[in-house]
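Chains as they are written, first to last, in our numbering: chain V, 1 to 113; chain W, 114 to 227.
Calculated from the structure, these hints are not laboratory results. Take these hints with a grain of salt, some might be off.
For the chain W half of the interface with chain V, some residues (derived, Cβ under 7 Å), not all of them [unchecked claim]: (1) M153; (2) F178; (3) F218.
Computed list of lysine-lysine pairs in DSBU-like fashion (alpha-carbon distance at most 30 Å, straight line) [as the list claims (entries may be wrong)]: (4) K58(V) x K191(W); (5) K108(V) x K137(W); (6) K108(V) x K49(V); (7) K69(V) x K100(V); (8) K137(W) x K49(V); (9) K100(V) x K191(W); (10) K181(W) x K108(V); (11) K191(W) x K137(W).
Glycine included, C-beta positions come from ideal geometry on N, C-alpha and C.
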Amino acid sequence: AQSVTQLGSHVSVSEGALVLLRCNYSSSVPPYLFWYVQYPNQGLQLLLKYTTGATLVKGINGFEAEFKKSETSFHLTKPSAHMSDAAEYFCAVASGGYQKVTFGTGTKLQVIP
Amino acid sequence: DAGVIQSPRHEVTEMGQEVTLRCKPISGHDYLFWYRQTMMRGLELLIYFNNNVPIDDSGMPEDRFSAKMPNASFSTLKIQPSEPRDSAVYFCASSPGTGWVTLHFGNGTRLTVT
């Protein structure tokens with residue numbers, strides 16, 4: 001069985017401040033981990049993914065995440081928030097057959113001017 | 114690349130009616146997924162296909178739900194009869210399926226059952 005837990009359904013940051021969105025996973029086999037972003041009235045878009053190799057993964061729009069096996073975490077960060085980052089962010093895990101992706105409950109990011 | 118195309122974008126229907134949602138995946142993608150998104154349950158995988166064959170339908174909530182993929186470029190999700198609790202946003206996604214999976218989502222169909 002696989003699952004992800006996202007801490008905080010809503011996060012608010014000031015424009016220019018650090019963004020930190022938390023995700024912990026549970027998987028009985030080495031996982032593939034993902035962050036997706038959803039803008040209003042749109043489908044989800046891939047931000048970044050971890051499969052194997054380097055544990056620090058860089059994605060689009062200046063986001064990055066670090067896979068920490070010892071902490072079973074895959075937190076998403078961005079050094080400086082921009083107004084356009086306001087959206088809902090989903091952490092996801094795939095394991096076993098790697099085609100069945102399980103999503104977290106999402107974190108809505110608000111960026112305050 | 115046109116992306117994953119879903120229709121309609123919005124559907125409003127009365128309880129008991131049949132509803133059909135449609136999806137055209139990205140050309141060349143071997144996998145197609147149907148997800149449902151609600152406030153209460155988040156994103157749930159309903160069913161997925163590989164090369165037009167249903168692989169896992171364990172997420173389909175009831176016999177009222179059915180999905181087909183008659184060819185590589187078209188899939189439908191049907192609800193018959195529909196109920197108010199089926200109101201949700203239904204997403205179709207496709208994946209090239211090579212090694213690891215990256216899902217490409219459509220913009221969804223917002224279903225309201227009154």
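Results of checking the hints against the structure:
1. M153: violated (10 Å)
2. F178: violated (18 Å)
3. F218: holds (3 Å)
4. K58(V) x K191(W): violated (39 Å)
5. K108(V) x K137(W): holds (29 Å)
6. K108(V) x K49(V): The hint holds at about 19 Å.
7. K69(V) x K100(V): With a Cα-Cα distance of about 21 Å, the restraint between K69(V) and K100(V) holds, given a limit of 30 Å.
8. K137(W) x K49(V): holds (25 Å)
9. K100(V) x K191(W): holds (21 Å)
10. K181(W) x K108(V): Violated. K181(W) to K108(V) sits at ~33 Å, over the 30 Å cutoff.
11. K191(W) x K137(W): Holds, at about 15 Å.
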